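Protein chains: 2
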Amino acid sequence: MPQAQPLVVPADGLTTRQRRNRALLMVHTGDGKGKSTAAFGMALRAWNQGWSVGVFQFVKSAKWRIGEQSALEALDGVHAQTGAGGPIEWHKMGSGWSWLRRDADTADDYAAEAAEGWAEIKRRLAAGAHRLYVLDEFTYPMKWGWVDVDDVVATLAGRAEGQHVVITGRAASPRLIEAADLVTEMTKVKHPMDAGQKGQRGIEW
Amino acid sequence: MPQAQPLVVPADGLTTRQRRNRALLMVHTGDGKGKSTAAFGMALRAWNQGWSVGVFQFVKSAKWRIGEQSALEALDGVHAQTGAGGPIEWHKMGSGWSWLRRDADTADDYAAEAAEGWAEIKRRLAAGAHRLYVLDEFTYPMKWGWVDVDDVVATLAGRAEGQHVVITGRAASPRLIEAADLVTEMTKVKHPMDAGQKGQRGIEW
Numbered sequence: 001m002p003q004a005q006p007l008v009v010p011a012d013g014l015t016t017r018q019r020r021n022r023a024l025l026m027v028h029t030g031d032g033k034g035k036s037t038a039a040f041g042m043a044l045r046a047w048n049q050g051w052s053v054g055v056f057q058f059v060k061s062a063k064w065r066i067g068e069q070s071a072l073e074a075l076d077g078v079h080a081q082t083g084a085g086g087p088i089e090w091h092k093m094g095s096g097w098s099w100l101r102r103d104a105d106t107a108d109d110y111a112a113e114a115a116e117g118w119a120e121i122k123r124r125l126a127a128g129a130h131r132l133y134v135l136d137e138f139t140y141p142m143k144w145g146w147v148d149v150d151d152v153v154a155t156l157a158g159r160a161e162g163q164h165v166v167i168t169g170r171a172a173s174p175r176l177i178e179a180a181d182l183v184t185e186m187t188k189v190k191h192p193m194d195a196g197q198k199g200q201r202g203i204e205w
Numbered sequence: 001m002p003q004a005q006p007l008v009v010p011a012d013g014l015t016t017r018q019r020r021n022r023a024l025l026m027v028h029t030g031d032g033k034g035k036s037t038a039a040f041g042m043a044l045r046a047w048n049q050g051w052s053v054g055v056f057q058f059v060k061s062a063k064w065r066i067g068e069q070s071a072l073e074a075l076d077g078v079h080a081q082t083g084a085g086g087p088i089e090w091h092k093m094g095s096g097w098s099w100l101r102r103d104a105d106t107a108d109d110y111a112a113e114a115a116e117g118w119a120e121i122k123r124r125l126a127a128g129a130h131r132l133y134v135l136d137e138f139t140y141p142m143k144w145g146w147v148d149v150d151d152v153v154a155t156l157a158g159r160a161e162g163q164h165v166v167i168t169g170r171a172a173s174p175r176l177i178e179a180a181d182l183v184t185e186m187t188k189v190k191h192p193m194d195a196g197q198k199g200q201r202g203i204e205w
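Taken in order, these protein sequences are the chains called P and H. Position 146 (the first sequence) corresponds to 146 in the UniProt record's numbering; numbering is contiguous. Position 148 (the second sequence) corresponds to 148 in the UniProt record's numbering; numbering is contiguous.
Hints are not guaranteed to be accurate.
Computed, partial: chain P to chain H, Cβ under 8 Å [claimed, not checked]:
| id | residue |
| --- | --- |
| 1 | 41 |
| 2 | 84 |
| 3 | 186 |
| 4 | 190 |
Pulled from the structure, derived: some chain H residues nowhere near chain P, Cβ distances all over 12 Å [unchecked claim]:
| id | residue |
| --- | --- |
| 5 | 12 |
| 6 | 43 |
| 7 | 46 |
| 8 | 68 |
| 9 | 89 |
| 10 | 96 |
| 11 | 99 |
| 12 | 112 |
| 13 | 149 |
| 14 | 150 |
| 15 | 151 |
| 16 | 182 |
Calculated from the structure, these hints are not laboratory results. Quick caveat: nothing in here was measured; it's all calculated off a predicted structure. Each residue gets a CB set at the ideal place from its N, CA and C atoms; glycine is no exception.
Please work from the sequences and hints to get the whole structure.
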């Protein structure tokens, strides 16, 4: 709720306003649903503020998240046509990163492709390209050693001002959690799959 | 992930397809962030499927969730203009329910207003008005006795086919959780407010 007050006021030499507007590193982890969905929901707020949003989807299935991608690209279209909201870019590893503009069929080395994605994000963070970065399912390339966890943490800690980053996925590295400002764990209490119901259109994708 | 398999196959006489497409009652609860944000993220998928989405926001602050509201209303506008996606209606208790069309200043009896909201949702569920209902912060009127928990659970259990419902808020009733198909608990691991940072534009609203 907006009226909530901080529990402590740190002696960091910042004004409340400066502290308030410090960009955040956020992590959505845990085994439950809603990690990525909540990150895409955040993109709605960012869009409404007119922010530039960059989504980087670190999964191999080209169909996965197609609903969120279509809707956020429609909002990007609204921005382009009317000036309302902000621009949203969606980059997907599964069909080859869009800035590389190569044949998707050549993108079969997942580790190399994940590393290429992270290298591009580093360039954008250095350039201050976006106000919100959604690094979807990025905990997995970190976990599998496709990107270096120390490099990720150091890069994010040293990023240029005013850039929010949200990272989603299970099993977030303890070093990432230590570096983050906001960490939420999504925990499964009950799932229809436990009762024999498979995922369905409009709900799971 | 889409390829996951159910743990059990129930002897309910339904085909896999019938079971798969059975509409869900979903609950996002817990003290962490992302409960509502994930529900609005789900609305993106529903929009992309061309579903009718009804959002019912059971909070009193007219400013709260303004980012999500603006973005989802923009998607409703895309649907109206181009036919892409589906229609999204956003109804907010804080400024008086939109179907009542009365002066917002008269809406100062929160309990009565919450009950009016639930009565309208019951009418829509009976009429099959939407394919996805987002009942945002609806656990609070349930907790505070403004709506009857048994009535809510019985109404949702008996609702017409093909209507998904997601309810968000802390402290969900055990009876609601029992009745739900999917329950996720959002748990706070770390929050910037603990370090003295207040909520900020684009992130909290």
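Cross-check of the supplied hints:
{"no.": "1", "hint": "41", "verdict": "3 Å, holds"}
{"no.": "2", "hint": "84", "verdict": "6 Å, holds"}
{"no.": "3", "hint": "186", "verdict": "6 Å, holds"}
{"no.": "4", "hint": "190", "verdict": "4 Å, holds"}
{"no.": "5", "hint": "12", "verdict": "8 Å, violated"}
{"no.": "6", "hint": "43", "verdict": "8 Å, violated"}
{"no.": "7", "hint": "46", "verdict": "5 Å, violated"}
{"no.": "8", "hint": "68", "verdict": "5 Å, violated"}
{"no.": "9", "hint": "89", "verdict": "16 Å, holds"}
{"no.": "10", "hint": "96", "verdict": "20 Å, holds"}
{"no.": "11", "hint": "99", "verdict": "24 Å, holds"}
{"no.": "12", "hint": "112", "verdict": "22 Å, holds"}
{"no.": "13", "hint": "149", "verdict": "18 Å, holds"}
{"no.": "14", "hint": "150", "verdict": "20 Å, holds"}
{"no.": "15", "hint": "151", "verdict": "22 Å, holds"}
{"no.": "16", "hint": "182", "verdict": "5 Å, violated"}
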